[in-house]
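Heads up: the sequence shown begins at 464 in our numbering, then just goes up one per residue.
Errors might be hidden in some of the hints.
Stated by the list, open to error - Distance ranges between label pairs, derived from CB positions:
| no. | residue 1 | residue 2 | range |
| --- | --- | --- | --- |
| 1 | Q663 | I795 | 20 to 26 Å |
| 2 | Q721 | K745 | 18 to 24 Å |
| 3 | K564 | E670 | 44 to 50 Å |
| 4 | D518 | A678 | 50 to 56 Å |
| 5 | V614 | W571 | 31 to 37 Å |
| 6 | I795 | Q721 | 43 to 49 Å |
| 7 | E785 | A641 | 17 to 23 Å |
Unchecked claim - Listed next, the in silico EDC-like pairs over lysine to aspartate or glutamate satisfying Cα-Cα at most 16 Å (straight line):
| no. | residue 1 | residue 2 |
| --- | --- | --- |
| 8 | K654 | E670 |
| 9 | K617 | E591 |
| 10 | K649 | E670 |
| 11 | K617 | E598 |
| 12 | K649 | E672 |
| 13 | K617 | D518 |
| 14 | K554 | E534 |
| 15 | K528 | E548 |
| 16 | K488 | D521 |
| 17 | K649 | D666 |
| 18 | K649 | E591 |
| 19 | K488 | E469 |
| 20 | K654 | E591 |
To be clear, the hints were calculated from the coordinates, so they are not data collected in a lab.
Every residue gets a Cβ at the ideal spot worked out from N, C-alpha and C, and that includes glycine.
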Amino acid sequence: MSKQLELQEKRFELQMQMHQEQIQKLNSGIPISVSQEAQTSSFEPFNPSQELWKDYSDRFFTFVKANAISEQRMPHVFLSNQSRETFQLIKTAASQMPTPKNINALSWGEIFSIMSTNFSQRTFVVRERHRFYTELKRKSDESVSELASRVRQKANTCDFAPITDPLDEALKTGFICAVNNEAVLKAIFHKSTRDLNFSQIVDIAAEVEEASRTAQQQISEDVEEVCKISQPIKKNTFASRPVKGQCFSCGGRGHWRQDCNYRNAVCTFCQVEGHISRACRKRGNTPKQSKPQFDDVNNVISSVRDKILHDLVINNFNIRFEIDTGSVDSFISHSNWIKLGKPTLRKVVNL
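Please construct the entire structure, taking both the sequences and the accompanying hints into account.
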């Protein structure tokens, strides 16, 4: 009896073990299939600031082929992997079609057309060729192979293959690289250069520069000259006015020598005209000229006018002088001094 019980227990244990193994297989099989499906449908969203739509669409086609995604599933796989902004853009474009559609009813061809319309960049061939010849320089740490790879990459957007007239194309490219005028370059880049020859590009440049000169002349004729200069308060920036110091004629303060009543007096000590004995230098008590102090003028208003000229007759020669009321002395040029016969120059006498 006991042997039969033992046999039944063993059979029961074997059955339980078999059931557990089957359950484990079922449990292990479910997540594997889910993860594969998730992996198949996962693709990074399109970011127009980091990648061109053409490059992204090429990568998406490769992803579709590698994962054997059917054409019927392509629209939903693409839409489910896009950002909220891209999804909303496609949805809005679908609603504005001649026959409005729901976004989930769009075919892959319609989605591709919407994305191409919004994100395909217009390639200016002449601009790309200009960049190819002017901006392509070898980096300091770049190998020859890396440089060659960059050259090939840059040449892809230049459309060199269909060139039928190499000489005219070389003339166009050389002219554009050397013209050094932003307005001219903008005018050329905004036209389809495939049908433009060298002469037409030169005509465009001439028209733009002539129009720019004409506009500049018109603006300069209409502008009224403003002769006011106003600056914010700033120390030690503008002209300064010296304070009156000590007079050399009388030794007093508060006036200049030319304004002194004793400027023509005769000194009783040295018998020299021009000062009194109290201010005589030969006595050893010459008044020391105090260091001028300055008050800052913190606002200057100036008016720019033409020079004031006046003709004077000197030694029977007509000499043109410039009147400068802000200067103590008046001068003539060296050529006018020769014209006057090189008169002897005399020492200036202080009044």
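- Sort out which numbered hints this structure fails and list those numbers smallest first. Hints 1, 4, 6, 7, 14, 15, 16, 19 contradicted; others consistent.
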